[in-house]
Structures are given as structure tokens and as C-alpha cells.
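Turn these sequences into a full structure, and let the hints guide you.
Listed below are the residues making up each chain.
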Amino acid sequence: MLYNEPSPLETKVLTRRFGLPNSATLKTYLDTEGYQGFLKAAKMTPEQIIDEVKVSNLRGRGGAGFPTGMKWSFVPRTSPKPKYIVVNGDESEPGTCKDRVLIENDPHQLIEGVLIAALSVDAHKGYVYIRGEYRYLIDIMDVAIADAYAAGWLGKNIQGTGFDFDLYTHTGAGAYECGEESALLESLEGKRGVPRIRPPFPAVSGAFQSPTILNNVETFCAVPSIIRDGGAAFAALGIPKAGGTKMTCLTGHVNKPGVYELRLGFPVKQMIEEVGGGIRNGKKLKAFVPGGSSCPVLTAAELEGATMDYDSMAQRKTMLGSGGVIIMDEDTCMVKAALRIMKFYAHESCGWCIPCREGTTWLRKILDRFHAGQGVRSDITLIGDLAKNMLGRTFCPLGDAAAMPTISIVEKFRQEFEDHLDGKPCPYEHAEHMVTV
Amino acid sequence: MTFSPELEARFEKFLTSYPPGRQRSALIPMLLYAQDELGYISDELIEEIAKRIGITTLTVNEVLSYYSMLHKKPLGKYHVQVCTNISCLLMDGDKLWDHACKKLGIGHKGVTEDGQISLEEVECMGACSWAPAIQVNYDFHHKVTPEKLDQLLDTLRKKQ
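Chains as they are written, first to last, in my numbering: chain A, 5 to 441; chain B, 414 to 573.
Warning: the hint list may mix true and false statements.
[Claimed, not checked] Computed list of lysine-lysine pairs in DSSO-like fashion (alpha-carbon distance at most 30 Å, straight line):
hint, chain 1, residue 1, chain 2, residue 2
1, B, 508, A, 288
2, B, 508, A, 369
3, B, 490, A, 195
4, A, 160, B, 426
5, A, 195, B, 522
6, A, 273, B, 556
7, A, 288, B, 561
8, B, 561, A, 287
9, B, 486, A, 195
10, A, 416, B, 490
11, B, 508, A, 428
12, B, 556, B, 516
[Said to hold, decoys possible] Only part of the chain B face toward chain A is listed, based on derived beta-carbon distances under 8 Å:
hint, residue
13, 435
14, 475
15, 500
16, 536
FYI, nobody ran anything at the bench for these hints, they're computed from the structure. Note that the structure is predicted; figures quoted are calculated from it, not measured. For every residue, glycine included, the Cβ atom is placed at its ideal position computed from N, Cα and C.
Given below as C-alpha cells:
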């Protein structure tokens with residue numbers, strides 16, 4: 005089902021079946037050009053499939069934005085080892101709830117994307133890793149997989165193409181870190197979700213130490229339309245170097261929060277005002293997070309001329325990320341926001357790398373003390389320094405993810421930290437101790 | 414140990430879903446689905462799963478301690494999980510959490526005396542656009558107000 009009304013400003017590619025009766029069923033899928041991309045790909049060479057994905061300018065939708073066609077081309081197709089396809093459905097970056105609606109409303113689109121990826125590297129087994137909290141999506145996916153087997157879209161000699169492929173769901177059990185690709189692979193192997201040293205990257209040594217294509221749910225879901233309608237058509241929806249659409253989750257203080265599919269390069273102001281219906285209660289915007297809580301925050305002034313794409317956000321020293329947009333109005337306490345974000349990363353740090361494990365914990369303690377009015381002036385610099393010392397010093401990006409928003413909040417909203425000094429209560433509420441350290 | 418036929422069928426499927434010699438991959442799914450049936454992960458269950466996969470109980474313990482959804486103590490029959498992460502916080506998820514604690518008279522990971530309801534403050538559960546959100550066992554509830562939460566908790570208290 006849909007949890008919010010669609011917007012007329014959306015460009016419906018991945019969400020084209022949303023709202024159709026029984027959109028998750030195989031019948032609806034087949035009635036609406038479903039699996040046509042796979043049948044077309046089955047007649048193409050692996051090189052042609054990868055080239056088409058390259059032409060589409062599809063970039064990884066999980067947050068890193070790496071060009072998908074290039075990622076697939078790194079898989080050594082002639083390796084004697086079996087190859088695997090792994091879907092990252094561990095969606096857990098705060099602010100992000102888009103993979104959820106993609107699986108819920110159109111699971112066969114994901115299966116088709118996986119099948120096309122499998123053709124491109126000659127893989128015959130795949131796993132859809134879904135976070136444990138999304139149990140109902142695992143059930144939906146299991147039904148879709150069973151229906152696909154029954155109708156000959158999975159299994160042996162799929163639709164007479166001679167191609168075999170088996171697909172399984174795999175549940176997580178509560179760990180943000182498992183959204184990081186190498187930690188996810190550890191978890192898939194029944195281990196603690198701690199990251200691996202890279203290189204080798206998953207393309208060469210991924211699941212079960214074999215060559216693996218590992219992409220986000222949304223990335224795979226974009227593939228059927230790319231093959232069906234051509235990479236150029238997908239590329240044309242976006243901007244140069246970034247093709248297609250982005251599933252965008254509007255969260256926080258907007259009138260119409262929801263998940264919307266917007267073309268890459270969509271103007272940020274229009275997104276907030278027209279798609280999101282503006283800031284609620286007629287308030288002003290204070291801070292904007294483009295794609296999940298790990299992104300550096302932007303001020304209202306920095307959004308002048310900004311568009312929702314990789315380059316526009318990089319120019320503003322932040323990231324498009326996962327598409328989890330977090331909008332904070334003028335009444336938001338930025339110290340409290342920084343504290344809550346840090347509390348999350350401290351909880352989720354796997355403990356493998358000391359700068360992350362110790363840094364997040366100490367920052368959480370300092371921010372908690374600070375928000376409670378027990379901070380001293382030197383803490384403001386200390387917070388920024390501690391965070392900067394985590395940057396680039398950990399195996400996986402979790403340390404950076406914790407540091408980046410913190411640094412940006414301290415630098416851009418320093419006055420709010422000053423306002424909490426000298427035992428003053430939080431100006432935005434009566435100094436309640438939000439977190440028990 | 415004996416399990417329901419449904420769980421046995423799941424175990425069978427998990428143990429054959431992975432490449433030969435990679436049965437350990439079934440560990441986390443087996444633990445989670447077994448917990449759903451038995452309420453928590455007992456030492457007896459750990460031994461049974463270790464035996465079926467062919468790994469040590471130490472390995473099982475090492476892995477399960479990492480995952481926040483795996484519990485070695487019984488939870489309430491209805492496990493109420495309140496998200497207070499940033500998108501929910503902006504929509505007063507923290508106040509909802511305080512409200513739940515007061516209403517039930519228990520705190521983080523507490524269980525009511527009758528064993529009916531347990532409470533946990535959780536991290537982002539992927540309902541950010543429909544905040545504040547809670548989960549009761551695996552069911553999502555979106556845009557929850559204190560009033561809606563009161564009604565829900567009253568129902569859960571009596572529900573079999």
C-alpha cells in the first residue's frame with residue numbers, strides 16, 4: 005500500500021505501478037511490461053547489458069553514488085568461481101524509507117533487476133538481504149519469489165532462455181552497520197557485521213569469497229526500465245553524469261512528508277515548497293539534510309540554487325546520499341539534533357575501529373552534557389576536533405558518517421552551542437535531559 | 414528440542430539456501446525465527462542450533478550478541494518499539510517515548526509484571542516519512558500520537 009499521496013511533480017519510472025490494483029502481484033507485473041527487460045537482456049551479450057547500464061548513467065542509490073555499470077564491469081566474468089548477486093535491503097540510514105515502498109509495491113521489479121544483473125556476469129544464485137525489522141517485506145518478497153518460480157521466471161532454464169537462477173531472501177537482525185556492503189557480506193555468512201578490509205572489493209571477492217554484484221534495492225529496481233526502454237531514455241530523465249530518478253523521502257517539518265520519485269536535478273526549493281507543501285505551521289527552514297543523517301547539514305542560505313543531484317550537493321560539501329531528506333524548522337535545537345544523531349552512531353558503531361568506537365561514545369557524552377547546560381566553552385572546539393579526528397581513520401564509513409554531520413552543525417550553528425553555555429536551559433525547551441548517559 | 418512443523422520447514426529451507434559448506438549463513442535467520450516462536454533465545458536453543466549447523470555454542474553467542482533484535486531474555490508478548498531517531502524526534506518521537514514509559518511504568522527493555530508488554534527505545538526503523546513511528550512486534554504504526562498510543566496499549570494489555 006501507499007502511505008502518502010503521490011505528487012504530480014513526480015517522474016514515475018520505478019514507481020510506475022504504484023497505486024495499481026494488486027501492484028505487487030506477478031499478474032499485474034506481467035500486464036505492465038514486466039520481465040520484458042529480462043527477455044531483451046537474455047538476447048544481448050553481457051557486454052551489451054553492461055554498456056546499456058553505463059549509458060543510463062545509473063549511479064548506486066544506497067548512498068555512495070558509484071556508477072553501476074562500472075561496478076558490474078569489475079566482476080571477472082570468466083572466473084572459475086561461482087558469481088553471486090546480493091541485494092542490499094538493509095535500509096537503515098536515518099531518514100530513509102524508500103526501499104521499503106519499492107519492495108512492498110513492486111517486488112517483481114526487484115527480481116527482474118537482479119536477473120538482468122545475473123545475466124551480465126553469469127551469476128546463478130542471489131540473495132536479497134532485508135533488515136530484520138522489515139519482516140512483512142520478507143514475506144512479500146518470499147511470495148513474489150515463489151510466484152516467479154511457479155511461472156518460470158526463476159529456477160532452471162528461465163522462459164526457455166537456457167539461463168538458470170535461484171533467488172533467496174535473507175533476514176538481518178538489527179544492525180545499521182550491515183548496510184555497509186562488506187559488513188553485509190559478513191552478516192550473510194552468519195557472522196558479526198564487522199566490515200572487511202578493502203580491496204579486494206565485492207566485485208572480486210564478495211559473498212562466500214566469490215565475485216559478487218552488490219547493489220541497493222533502488223539500484224536494481226532501476227535496471228528493468230533501463231534495458232526495456234534503453235539507457236539513453238533513462239539518462240535523459242536526469243542530468244549529465246547522473247541519469248534517471250531518485251526515490252526521495254521527505255521527512256521532518258514539512259506539510260506533506262512522504263516518499264516521492266523525483267528526477268535527478270530537481271530544484272531543492274521546489275521540492276520543499278511544492279512536493280512537500282512547504283514548512284509546516286508557516287515556519288522558516290533552519291537546516292536541511294539531503295540524504296540521510298550522515299550527510300553534512302545545509303543552512304537555508306546554502307540551498308540557494310541547489311538541485312537534488314550528486315554534483316550540486318558535492319559543491320555544497322555534502323552528499324545526495326540515500327535520498328532521506330530531513331527538514332528542520334526554525335524551532336529545532338541543533339545541539340539536540342547533533343546529540344540524537346551521535347547517540348545513534350555510538351549505538352551502532354560495531355567497535356572494530358577505535359576512532360569510531362571511542363569517538364562516537366565520547367561525542368555522545370559531551371553533547372549530552374552540553375545540551376543539558378553543563379558544557380563549557382572549550383567543549384565547542386573539542387566537539388569539532390574529536391569529530392575531525394575520526395574522519396578517514398576507520399575501515400568503513402560509519403566513523404565518517406558520525407563525524408560529518410557533527411562537524412557541519414558545530415561550524416554552521418555555533419551560536420546555538422553558545423546559547424547553551426553557563427548553565428542556561430536549552431532555548432528551545434526546558435532543559436530536559438534527553439539521553440541518559 | 415522440538416519445534417513447530419512450520420519452523421522445522423523454515424530451518425530446512427535455510428540450511429539448504431546457501432552454497433555447500435556454507436550452512437553457517439543460516440545462523441541469524443534460524444535464531445530470529447526461532448526467537449519469534451519461543452519468545453527468546455535460551456541456552457538450550459543455542460545448543461540445538463549450534464548442533465544443527467555444526468558450529469560451537471561460543472560462535473553462536475559471539476554472533477547473537479552483535480544483533481539488537483536477538484534477545485537472551487524473554488520479552489513481553491507484545492514488544493513495543495518506539496523510534497526516537499532524528500526524523501521521529503523532529504515529530505516528537507521523544508515525547509512519545511516518555512509517554513509510553515510513564516503509561517506502562519517501565520523503561521527501556523522493561524517488561525510489565527504480567528509479561529504482556531515490553532518496551533524498547535529503538536533506532537531508525539524505516540518509517541521516517543510517516544513519523545513518529547512505532548513497531549509492535551513486526552507491525553508498523555505510523556504518525557502515532559499519545560492518544561493513539563494510549564488506545565493501542567490498552568488493547569494490547571487485554572489482547573490474548
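Now the hints, each set against the structure:
Taking the CA atoms of residue 508(B) and residue 288(A), the gap is about 23 Å. The hint holds against a cut of 30 Å. Taking the CA atoms of residue 508(B) and residue 369(A), the gap is about 21 Å. The hint holds against a cut of 30 Å. For the suggested pair residue 490(B) and residue 195(A), the alpha carbons sit about 28 Å apart, so the restraint of at most 30 Å is met. Annotation: proposed proximity of residue 160(A) to residue 426(B) holds, straight-line Cα distance about 18 Å (limit 30 Å).
Taking the CA atoms of residue 195(A) and residue 522(B), the gap is near 25 Å; set against the 30 Å cutoff, the hint holds. Restraint check: the Cα-Cα separation between residue 273(A) and residue 556(B) comes to about 25 Å, which is no more than 30 Å; the hinted pair holds. For a cut-off of 30 Å, the pair hint linking residue 288(A) to residue 561(B) stands: about 29 Å separates their Cα positions. With a C-alpha separation of about 26 Å, the suggested pairing of residue 561(B) with residue 287(A) holds against the 30 Å cut-off.
Between residue 486(B) and residue 195(A) the CA atoms are separated by roughly 21 Å; this keeps the pair inside 30 Å, and the hint holds. Distance check on the hinted pair: residue 416(A) and residue 490(B) sit about 46 Å apart at the alpha-carbon level, beyond 30 Å; violated. With a C-alpha separation of about 22 Å, the suggested pairing of residue 508(B) with residue 428(A) holds against the 30 Å cut-off. With a C-alpha separation of about 19 Å, the suggested pairing of residue 556(B) with residue 516(B) holds against the 30 Å cut-off.
Taking 8 Å as the C-beta contact cut-off toward chain A, the hint placing residue 435(B) at the interface holds, the least distance being around 6 Å. For residue 475(B), the suggested interface contact is upheld, since its CB lies about 7 Å from the closest CB of chain A, less than 8 Å. Evaluation of the residue 500(B) hint against chain A yields a held restraint, the C-beta minimum of about 4 Å falling below 8 Å. Residue-level restraint check for residue 536(B) holds (minimum Cβ-Cβ distance to chain A is 5 Å; threshold 8 Å).
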